[in-house]
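Novice: For reference, the chains in residue letters:
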Amino acid sequence: MEEQVAFQIDLQDNVATALVELNQGPVVLRGDSNQDVIHAVEHIPIGHKIALRDINCDEDIIKYGIVIGRATQNIAKGAWVHLHCISSVYDERSSHLDVVTGAPKDIKYE
Amino acid sequence: MQWEGFSRQDDRLGIRNKVLVIYTVECSSFVAKEITRISDHMDVECVGFSGCTDNEYAVRLLISLIRHPNVGGVLAVGLGCEYVQAEWLADIAEKEGKQHAWMFIQTEGGTNKSIQKGVTLVSEMLDALKKTPRVPMTMSDLVIGAECGGSDYTSGLAGNVVVGRFYDSLVEMGGTAIFEEIVEAIGLIDLLTARAVNKRAREEIQYTYDKALEYCKSVRQYSVSPGNFAGGLSTIEEKSMGALIKSGTKPIEGVLKVAGKPNHPGLWLLDSTPDPHWMQFGITNPNDNEGLMDLISCGCHIVLLVTGRGNVVGSAVAPCVKITGNSHTYARMKGDMDFDAGRVLAGDCTLDQSAESLAQMIANVASGVLTKSESLGHKEYFIPYKYQEKQVTIPPKCTM
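Chains Y and U, in that order, give the protein sequences. Going by the working numbering, the residue at position 84 of the first sequence is 84; the numbering climbs one at a time, nothing skipped. Going by the working numbering, the residue at position 271 of the second sequence is 1271; the numbering climbs one at a time, nothing skipped.
Derived from the structure by calculation, the hints contain no laboratory data. Using N, Cα and C, we set each Cβ at its ideal position, and we do this for glycine too.
From chain Y, some residues computed to sit far from chain U (all C-beta separations above 10 Å):
#, residue
1, His43
2, Cys57
3, Asp58
Short, incomplete list of chain U residues facing chain Y, as computed with Cβ under 8 Å:
#, residue
4, Gly1187
5, Tyr1222
6, Glu1237
Use the sequences and the hints to build the structure in full.
Specialist: This is the structure:
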């Protein structure tokens, strides 16, 4: 079985990035991290984010040591962090995109 | 880290000693390209501007390439009826103390005669350039530029982060680092202005950012796509930081315009967004080679292209080092990729170790080692119609 790995960029971050497709189970952390392993609680696609700790609704999402967005619901440690539970502080439109394809849901071609 | 550079009249040092064959309109491009091809020499390269009507931006860019420290000689090839003047370009090379010549195809008697003469002139220049004085050169003499192209999720995790670490150490060594793509910094204005070295730099950054934001709105497009979201990015801030991180952490000395020259070492932001013009002139970063050319126009000896998916382009005038954070891309495209930053993600080395390896590679390239794209003969360039002021022009505040 392939080792599950995620990469944390900055010690302050509360999310890490999946380096392989993650399924439920232990995930080794690389980069600047205080934890060696965390537990993925759901499927997370490669390149997507995993929560490094419980994150409360309206709390800042930290990556690169900066705020990249805000939680729109409570996020459990080890959960997938993406469009369904995070919004941009800056660009409202990204909150209206499809979670899987990133395609806009606020526009119809007709 | 020290090597021998090529001495130039303006006191800058070159890491290459090239002959540029420049066409001044599309109609003379075939002759210029044939002269280059037949010359069959690593240091002979072709660039040019296709338009018959001239454009100040394009001319300024061409002139910056003539003045570039990596260029030792210029042959300007004109057709004979276009606006861009081959003779004036050659005159600039002469004033810079470089080998120079020019011709009109119509005067020379057509294609074949022009090619023959051009090949002879280039050969003579190459001989003369063998006598160019060499002097010691270090990292403090280097001007390095960086941009992203064909990014994927590894670019913001490894590729750009490693470049950022390298930029910090380059500045610490007294060198000059230039980053660009202000439209890739949307949402991060507070971060940018906080890094300004002084009040003027802060004002320049704010103006440049506001202009880029206005530009994004006017073309109804931020620099983020559905593919980015599908790949794991969730916000424009996340995308922007993944790009901006290649600038490192040092204070920003100010904003350069295309073809501008940093007047002292340190970290600089290059503005490649068009300035306002009634014709709505130009698109920002229509392709990666425009970005590379913009960096080179500011005097970059070497340009770094961070690419996760694997862009294969190289560049005329300045060697292009291709850095990927994706080890699969590196393995699959080893003939094109120079540096595997993905080893950081694999846990094979730390970010600092990777940045140190990159610094060593940069020094090697500067001392004469060819990049992959150089070896392959990739010498792309892109010089478009566009409008930009020569300096950051901040509109005066209303005094009513």
